[in-house]
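With the hints as your guide, set chain F onto chain G.
Line by line, the protein sequences give chains G and F.
At position 273 of the first sequence the residue is numbered 273 (the working numbering), and the sequence of numbers has no breaks.
Start counting at 1 in the second sequence, then tack on 297, and there's your number in the working numbering.
Just so you know, not all the hints are guaranteed correct.
The calculated label-pair distances, taken between Cβ atoms and stated as ranges, are [to be verified]:
id : chain 1 : residue 1 : chain 2 : residue 2 : range
1  : G       : Trp54     : F       : Arg426    : 43 to 51 angstroms
2  : F       : Ser420    : G       : Lys75     : 54 to 62 angstroms
3  : F       : Ala335    : G       : Glu273    : 24 to 32 angstroms
4  : F       : Asp319    : G       : Lys197    : 53 to 61 angstroms
5  : F       : Arg437    : G       : Glu221    : 16 to 24 angstroms
6  : F       : Leu433    : G       : Lys295    : 25 to 33 angstroms
7  : F       : Ser420    : G       : Arg261    : 38 to 46 angstroms
8  : F       : Leu433    : G       : Glu179    : 24 to 32 angstroms
9  : F       : Arg444    : G       : Lys75     : 27 to 35 angstroms
10 : G       : Lys295    : F       : Asp319    : 45 to 53 angstroms
11 : F       : Ala335    : G       : Asp280    : 36 to 44 angstroms
12 : G       : Arg261    : F       : His315    : 23 to 31 angstroms
13 : G       : Lys27     : F       : Leu433    : 47 to 55 angstroms
Worth flagging that the hints you see were computed from the coordinates, not collected in a lab.
Beta carbons: idealized from backbone N, C-alpha and C, even for Gly.
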Amino acid sequence: MKRKMTLSILCALGLLLMLGTAVAGEKVERTGKASAQGVVYIENMVGSIEVIGWGKNEVKLEGTLGDDVEELEFKTGNKKSVIEVIYPRKMRNITDGAELVIHVPEGSRVSVEGVSAWVTVTKVKGQVEASSISGDVTVTGDCESVEAESISGTVEVDSGARQIMAESISGKVLVKGEEAEVEAASVSGAIQLEFHKFLELSVESVSGTVVALGDLHPKGEFSFDTVSGSITLMVPGDVSATFEVTTFNGGIDNEFGQKARKTSRYAPGRELEFSMGGGDAEVEINSFSGDIRIKKK
Amino acid sequence: MSQKHQNPLDRQVSQVAHTLRDQGVAPGRDLWPEIDAALDKVEQQPLLTRRPPQGRMWRLVAVAATLAVALGLGYVGMQGPDGQPADLAFNPGASFLAAEIDPGASSLEKLDHTLGELNQALSLDPENRNLSRLVLLVHRSRADILRHNTLNL
Numbered sequence: 001m002k003r004k005m006t007l008s009i010l011c012a013l014g015l016l017l018m019l020g021t022a023v024a025g026e027k028v029e030r031t032g033k034a035s036a037q038g039v040v041y042i043e044n045m046v047g048s049i050e051v052i053g054w055g056k057n058e059v060k061l062e063g064t065l066g067d068d069v070e071e072l073e074f075k076t077g078n079k080k081s082v083i084e085v086i087y088p089r090k091m092r093n094i095t096d097g098a099e100l101v102i103h104v105p106e107g108s109r110v111s112v113e114g115v116s117a118w119v120t121v122t123k124v125k126g127q128v129e130a131s132s133i134s135g136d137v138t139v140t141g142d143c144e145s146v147e148a149e150s151i152s153g154t155v156e157v158d159s160g161a162r163q164i165m166a167e168s169i170s171g172k173v174l175v176k177g178e179e180a181e182v183e184a185a186s187v188s189g190a191i192q193l194e195f196h197k198f199l200e201l202s203v204e205s206v207s208g209t210v211v212a213l214g215d216l217h218p219k220g221e222f223s224f225d226t227v228s229g230s231i232t233l234m235v236p237g238d239v240s241a242t243f244e245v246t247t248f249n250g251g252i253d254n255e256f257g258q259k260a261r262k263t264s265r266y267a268p269g270r271e272l273e274f275s276m277g278g279g280d281a282e283v284e285i286n287s288f289s290g291d292i293r294i295k296k297k
Numbered sequence: 298m299s300q301k302h303q304n305p306l307d308r309q310v311s312q313v314a315h316t317l318r319d320q321g322v323a324p325g326r327d328l329w330p331e332i333d334a335a336l337d338k339v340e341q342q343p344l345l346t347r348r349p350p351q352g353r354m355w356r357l358v359a360v361a362a363t364l365a366v367a368l369g370l371g372y373v374g375m376q377g378p379d380g381q382p383a384d385l386a387f388n389p390g391a392s393f394l395a396a397e398i399d400p401g402a403s404s405l406e407k408l409d410h411t412l413g414e415l416n417q418a419l420s421l422d423p424e425n426r427n428l429s430r431l432v433l434l435v436h437r438s439r440a441d442i443l444r445h446n447t448l449n450l
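Okay, chain F solo, but in the shape it has when bound:
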């Protein structure tokens, strides 16, 4: 990939690597070709056909069985009193960001945390237009909650 077509983050990492090498802290040998080859190998494998080493198969089966039981119990717990699912079919991701945000002080804290994560990502990739849009979205949401809190006073 030419320098011109590189992602800004890739460019930054390459620059740092060059700086380190120029300052005399290069590694004993060039590790990148091996890492690159390993990454490409993983990338080329379709997600569902990646096979684990044979010895670990039983562990995966055990984990899958545990997950199935846990999800089953979770599904029963999600049923409403009339037997209908209590929520929509899709759940938000399991990250901290996905936690329920109630309009109030705690939700502002969560939005501030979200904003921190977005700004951190934006500092790594300052030209990312999509990240900037999401930062704006969080600011607008924050303003909505503040307005609501003010109305409630």
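Chain G with its partners taken away, still in its complex shape:
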């Protein structure tokens, strides 16, 4: 009798354990019709979100839902599709979130939001907006435009988009592309930009190091502002641009040869103004105490 009871308890425990495992890593798969150029909203606070553009007019979700997930909302439609992972409202410490892989029509406009989630978007040709609080955000592919931001994660964009905005507070901002209007900003994260040609450029950082490499469109305006971060701009030797460079307390190193001059007999400030080629593009570089380097590519 005793042996039978022990066996039953063990069986029950085993069953519970198996059920528990299934809930902890519940696999999900959903598919729905969507239009070629609709909007897809995706939200998952914890875990990861991978969005991939494809040639089909449907949205397909595959993934795993963790223990802390309450519900998965999946609605697709001609104009708008929504995928949202819902967590209990009062839950303070969510650790076991959802890992999602979502295929969307490649022409879609995609908006992805995470909190403590890694966000990756690839092969989407429409507009992409991707953000996370502490997770990394990565966008690759020839999108129409990109807006990518994180608070403490790294923001990485490698895209043929013509308009790119990338921001982080303490994470790095790494952007590569062909020809684009670029806005990049950070508080303390380093910013590294590498383009064939910048059409317009605005870079701002408090203490992050800034490195920008690329040709400058002759009709463009290019501005760099940092407080203590150093700025390195690397442009082709035959660039056509007018440079206005000022620093309150940093150094200026110019590979084109023109020397900076002191702005005052009593203060350490320096400034440098010069033109190269036809002087078409307008470049303004400004720092408080960061060093400024202008280099030839």
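Same frame as chain G, but now just chain F:
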């Protein structure tokens, strides 16, 4: 340099000097020509060709050797586990301002300190448009961090 073309800071210093002289606290002799000549001499020398006095050369060599060892050790320390550099090639300046700012209370303190330094500089050169832009930049960064902190509550 005419008064009109002077930097605002230069103008301020000149005004203070004039006031002191007019109030009867002028120095025994005019020290400025010597200081000016010395400053110009230093300015005219290219940075890399300034030569130290011969007697100090050995000290500079010792300092350079120490720096090379320290930088070498620092570089090894910066390597990631796969042997790749752990960070970008350029480092921010070594000042207090360049310290890593994490989103949180300590970063707000650092931004406040930065703001203090900028405002101090702005008080010396109130017409400096570039400084004003940087003050705005720090205020915006501060707002971003506050917004983030509020979201996290």
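Status of the hints after comparison with the structure:
no.: 1; hint: G:Trp54 with F:Arg426: 43 to 51 angstroms; verdict: holds (50 angstroms)
no.: 2; hint: F:Ser420 with G:Lys75: 54 to 62 angstroms; verdict: holds (57 angstroms)
no.: 3; hint: F:Ala335 with G:Glu273: 24 to 32 angstroms; verdict: holds (27 angstroms)
no.: 4; hint: F:Asp319 with G:Lys197: 53 to 61 angstroms; verdict: holds (58 angstroms)
no.: 5; hint: F:Arg437 with G:Glu221: 16 to 24 angstroms; verdict: holds (19 angstroms)
no.: 6; hint: F:Leu433 with G:Lys295: 25 to 33 angstroms; verdict: holds (28 angstroms)
no.: 7; hint: F:Ser420 with G:Arg261: 38 to 46 angstroms; verdict: violated (23 angstroms)
no.: 8; hint: F:Leu433 with G:Glu179: 24 to 32 angstroms; verdict: holds (29 angstroms)
no.: 9; hint: F:Arg444 with G:Lys75: 27 to 35 angstroms; verdict: holds (30 angstroms)
no.: 10; hint: G:Lys295 with F:Asp319: 45 to 53 angstroms; verdict: holds (50 angstroms)
no.: 11; hint: F:Ala335 with G:Asp280: 36 to 44 angstroms; verdict: holds (41 angstroms)
no.: 12; hint: G:Arg261 with F:His315: 23 to 31 angstroms; verdict: holds (25 angstroms)
no.: 13; hint: G:Lys27 with F:Leu433: 47 to 55 angstroms; verdict: holds (50 angstroms)
Going down the numbered hints, you'll see the structure goes against just number 7.
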